[in-house]
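Using the sequences plus the hints, can you model the full thing?
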Amino acid sequence: MFQILVVGAVVAFGVYIVNNTLDNLASRGIASGFDFLSSEAGFGIIQSLIEYSEASSYGRAFWVGLLNTLLVSAIGIILATILGFIIGVARLSSNWLVAKMAAAYIETFRNIPLLLQLFFWYFAVLRALPSPRQSLVIGDSVFLNIRGFYTPRPVPEDGFWLIPAAIVAGVVAVLLLTRWAHRRQDETGQPFHVVYVSAGILIGLPVLAAAASGFPLSWDIPELRGFNFTGGMVLIPELMALLLALSIYTASFIAEIVRAGILAVSHGQTEAAYSLGLRPGPTLRLVVIPQAMRVIIPPLTSQFLNLTKNSSLAAAIAYPDLVSVFAGTVLNQTGQAIEVIAITMAVYLTVSLLISLFMNWYNKRMALVER
Amino acid sequence: MRTSTRLSVSVAAVAMAGILWAGPVNAGQTMDSVKSKGFVQCGVNTGLPGFSNADEKGHWRGIDVDVCRAVAAAVLGDATKVKFTPLTAKERFTALQSGEIDMLSRNTTWTVTRDAALGVHFAGVTYYDGQGFLVNKKLGVKSAKELDGASICVQTGTTTELNMGDYFRANKMQYTPVVFEKGDEAVAAYDSGRCDVFTSDQSQLYAQRIKLKSPKNHLVLPEVISKEPLGPVVRQGDDEWFNIVKWSLFAMVNAEEMGVNSQNVANIRKTTQDPAMKRLLGLEGDKGKDLKVSNDWVFNIVSQVGNYAESFERNVGGGSPLNIARGLNALWKDGGLQYAPPVR
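Listed in order, the protein sequences are those of chains A and B. Number 60 in our numbering belongs to position 13 of the first sequence; there are no gaps in the numbering. Number 43 in our numbering belongs to position 37 of the second sequence; there are no gaps in the numbering.
Read the hints as simulated data drawn from the structure, not as lab findings. Just so you know, these numbers come straight off a predicted model, no measurement behind them. Idealized CB from N, CA, C, for every residue including glycine. The reader is advised that the hints may include incorrect statements.
Partial list, computed: chain B residues near chain A (C-beta under 7 Å) [as the list claims (entries may be wrong)]:
(1) K96
(2) T100
(3) L124
(4) F186
Given below as structure tokens:
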């Protein structure tokens, strides 16, 4: 009974807040509602994964911002995880120099505020690059300058479909091979060199397919025309700075988590593995890491969430993420602060919950199954 | 300085809280609150020479700042009773809507969207401006029509951002916008070579050019691509306050037109026989009382802040490093657009 009263009070309070807000907005002559999402935006955005122009709607601008946020978060999470695992294992290395260097990395980057690191990469490092006319050239067709990192863009031609098809076929073949190898080992105890054979299949099949179809791929090479390079692909310095700052910063936390996870596995496990005749590599891979993952995954989830949320610092360096484009430009051009901030908060909440959900599922898979 | 992102989000949050909780709007509440707290809270630019910029002693100067001071002089009789809130373009309207500031005087363009959908009123035009482009002379560009393919640094949340989109679309040219939250950041990015072009209102181009490493190497292109009437802004629904802000600005323009300035105003007040002058300076009639301020409000403005010409000269004209000509901002009788309704 009491609980029903509490829930009722909360709901009534919420309804009151919403009504009061609408009343006040109306009495102050401030527009409200979500109609603005379909009106024309009129401003340009530097980087967009989907078709976007000044004639697109504010709703479209929202998707551009959201996809840019997801892009930087996804790449950032991958880079931070790889770097974090390497540094974390390195810190436990028996090599004095490697261990100390890893420790120095962690202590440095973990203890400097992320925003400062972002400014360091963006203003101090990337702003020092040369102008487009004096670009640093790598090979003949890769250029690095203050406007970004320009690489040739692959342009598929007729018959290109064969190559992705070969890749898919390769992946399927590798999956089947792995299952077969496991079964063989279970039955006969004979291991099979899955890794080498898989690598051969994954690289060999697409190459064969490309050769068979006569390499149906041309390259769109960036070219200095007028003010800037045109053609090719470009990685803008804002994205570079954001990726560097986010992944280097988060990697230092992940490294500590990895170290803690590995140390949580009793040393007796390693000794037992050695005494069974396993070499150090397989010991780490088959005995220590699987047990360490149970300790690592839950705190790793929080780091992924942090990285995603920290990507909103993009607004400070002109990277067009959700906060910069939607909670920034769109908010200001429409003046509809409440709607825009509410949508933005809802989006971050949704993204965070999805990441959490996925990591919890993964955690459950990795958890100790008691029989 | 660099936490503007968080600041703007918090401003937005405060604005929401303000709107969530606020009671109904009462006419006259801004005037009452200004009188009871004893100062005017005025939103200004975070740093734009000539318009609103803190000098080395932390003293705010500029033509927008003078409008805030004029309002304080009219309402409180003391032009120094102003507290300034530096705001980015993005934060300005939320700060005003939420009641964090009493008035906004921050080189803000008067547009129909802002008047109609943001719950604010523009109280007049302090400065008639237009958007232009700043480029490095090295590029050899002579006209904005040659900017196809350029990267352009711009401040977010401005009409500038939209005008630029329109201009390039209309002329079928490509461009890459690099969007910063503060004018200073956009200029720094332009100066370091991140962009080929910096675009903003022309007055700002001249002002920001002073801050570049070598101002002589940069050129303001001749094209003016938009109308940018910049003026003070107040909240809708408080006509009393709207009136006094509007008339403080008109008072400065009228004073110039009638030849009264901070040097001669005390003398003229003692000796004048001209009825129009007597009305202006509050010797005859109750114009001030009707506006809910003291009758010598114009005298206070002119003696403490100066007339429009003085403010213009000292901040953006010949007496300043900007050295901008009066142009559109000359009085109507000198061929400009500055025209104030009479004090009658």
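Against the structure, the hints:
The restraint placing K96 (chain B) at the interface with chain A holds, with a minimum CB-CB distance near 5 Å, inside the 7 Å limit. With a cut of 7 Å, the hint placing T100 (chain B) at the interface with chain A holds, because the nearest CB-to-CB distance is about 5 Å. Residue-level restraint check for L124 (chain B) holds (minimum Cβ-Cβ distance to chain A is 4 Å; threshold 7 Å). Checking F186 (chain B) against chain A: minimum C-beta separation of about 5 Å stays under 7 Å; hint holds.
Every hint from the earlier list agrees with this structure, and none is contradicted.
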